[in-house]
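Taken in sequence, the protein lines are chains C and W. Each residue of the first sequence is one higher than the last, beginning at 409 in the numbering used here. Each residue of the second sequence is one higher than the last, beginning at 409 in the numbering used here.
You may find that some hints are simply not true.
The list treats identical chains as interchangeable, and a pair is accepted whether it falls inside one copy or across any two copies.
Computed cross-link-like contacts, BS3-like style, restricted to lysine-lysine with a CA-CA straight-line distance of at most 30 Å [as the list claims (entries may be wrong)]:
no., residue 1, residue 2
1, K450, K623
2, K469, K623
3, K556, K447
4, K549, K624
5, K623, K440
6, K594, K440
7, K605, K469
8, K450, K476
9, K605, K447
Hints listed in this document are in silico derivations from the structure and should not be mistaken for laboratory results. Fair warning: this is a prediction, and the values are worked out from it, not measured in the lab.
Listed below are the residues making up each chain.
Protein chains: 2
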Amino acid sequence: MKEQRPANSTDPLLVSGNLKIQAPKQLMDSTKLINHFSKHIKLTTDEIELINSLFSQRSLKKREFLLKSNQICRTESFIFSGCLRTYSIDENGFEHTLTFAVEDWWTGDLLSFLTEMPSFYNIVALENSEILQITKMNLDKLYVEVPKLERYFRLLIQNAYVTQQQRIIQNLSQTAEQRYLAFIEKYPAFLQRISQKHIASYLGITPVFLSMLRKKVSRW
Amino acid sequence: MKEQRPANSTDPLLVSGNLKIQAPKQLMDSTKLINHFSKHIKLTTDEIELINSLFSQRSLKKREFLLKSNQICRTESFIFSGCLRTYSIDENGFEHTLTFAVEDWWTGDLLSFLTEMPSFYNIVALENSEILQITKMNLDKLYVEVPKLERYFRLLIQNAYVTQQQRIIQNLSQTAEQRYLAFIEKYPAFLQRISQKHIASYLGITPVFLSMLRKKVSRW
DNA sequence: TAAAAAAGTTAAAGTAGTTGAAGAAATTAC
DNA sequence: GTAATTTCTTCAACTACTTTAACTTTTTTA
Chain C
409 MKEQRPANST
419 DPLLVSGNLK
429 IQAPKQLMDS
439 TKLINHFSKH
449 IKLTTDEIEL
459 INSLFSQRSL
469 KKREFLLKSN
479 QICRTESFIF
489 SGCLRTYSID
499 ENGFEHTLTF
509 AVEDWWTGDL
519 LSFLTEMPSF
529 YNIVALENSE
539 ILQITKMNLD
549 KLYVEVPKLE
559 RYFRLLIQNA
569 YVTQQQRIIQ
579 NLSQTAEQRY
589 LAFIEKYPAF
599 LQRISQKHIA
609 SYLGITPVFL
619 SMLRKKVSRW
Chain W
409 MKEQRPANST
419 DPLLVSGNLK
429 IQAPKQLMDS
439 TKLINHFSKH
449 IKLTTDEIEL
459 INSLFSQRSL
469 KKREFLLKSN
479 QICRTESFIF
489 SGCLRTYSID
499 ENGFEHTLTF
509 AVEDWWTGDL
519 LSFLTEMPSF
529 YNIVALENSE
539 ILQITKMNLD
549 KLYVEVPKLE
559 RYFRLLIQNA
569 YVTQQQRIIQ
579 NLSQTAEQRY
589 LAFIEKYPAF
599 LQRISQKHIA
609 SYLGITPVFL
619 SMLRKKVSRW
């Protein structure tokens, strides 16, 4: 999943989307992904080659879905460029944003990916995006062949876990105004990239109320 | 941290408390902990012995603190018996409960444990409790000596992560009444063990409002 | 086992955030 | 490049939840 990682710059989380594996094995630039792994573990050239062979690249156009609810999330995706939003739809048809995920982060629905059960989430591209995807089968293989990656993913999810925890405490203890101010402080770049409607659904308020908060806050 | 693991029966999370290592190395019954590890990975008798040597046992009386805010969380703790609550205190002095942790779960403040920075949380025993603690140094050693445990902890935190994610979505999308009903469904045993005041602080409402909800709900 | 303290209940008044509706601004689509 | 659609803003009426306060019940202490 992507979650509150927005703007945590260094460390994303973990999730994935479903998709058909790309047919033509085109040469892909996984430099960014390898760099990312390399922040936590050291890889040999053989290992890098294996990694390259187990990920497949995919492009998503703005508004295209990586995952729709009730589908099984077949891959975890590393985001190369672009921005994706994970959200659920409640019984009244309202959307609630779990995460925004941008370059150098992961996205997907971890629960669905692990259990191979239908997902409750939708993942949609907010911008044209390039991602690298790995299936559960290939990831399991990778854990066996490159056990060091077990460490990378443990660290990745540990960070994501801590970030989520902070979000829970914020939601319990702060007003909407405080949460909005914390959001723009933590993820300033998102203000330019993401619509207020979506930010409101991440903060747990209506777009109308967010607009009122912005007016209030901007007066000073 | 313990968190929304309440009642997820099989899989806890991860956190710890600070403490002085117990002086006399008493024989300890780590059967429960070993069983727990064994659900996910297979251990040799040598490995089991090593594990026994790296954990230390501690007893906490009801109301005793495992961690106080601003302290560094020096250990992660596996709970043998009892119940602990992790909470933060906001600027107005209100408490917000992040997690309840009971038998077979882990507790601690993962961020503080990992970074060795002061914690924002308090962890207190709600009942007399028995725990097994491990320091960062010993856990790092364990990862080296028994790399399989890297896997156990990855799975542990993955589960915790997914549970947290569900809590975030619930907080965004449900009313207090819905959250209360979901809580008693997910963690029925907690109703007998944990005060309403603390449940309210977990749900993000006041004790007064929880009392009103209970009255309303009990009418049918 | 009695006194003190803490937790839970009830009710009335207050407030943070929602709803609905209408217009303005920005974005999308042809 | 203009019409259609979506997003954002503003306002007034509304509601879910909080606050305060007084009372009752349960738990703790000694």
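Hints and how they fare:
no.: 1; hint: K450 <-> K623; verdict: neither (49 Å within a copy, 59 Å between copies)
no.: 2; hint: K469 <-> K623; verdict: neither (33 Å within a copy, 51 Å between copies)
no.: 3; hint: K556 <-> K447; verdict: both (12 Å within a copy, 22 Å between copies)
no.: 4; hint: K549 <-> K624; verdict: neither (53 Å within a copy, 53 Å between copies)
no.: 5; hint: K623 <-> K440; verdict: neither (39 Å within a copy, 56 Å between copies)
no.: 6; hint: K594 <-> K440; verdict: within (23 Å within a copy, 41 Å between copies)
no.: 7; hint: K605 <-> K469; verdict: within (20 Å within a copy, 49 Å between copies)
no.: 8; hint: K450 <-> K476; verdict: neither (35 Å within a copy, 37 Å between copies)
no.: 9; hint: K605 <-> K447; verdict: neither (35 Å within a copy, 44 Å between copies)
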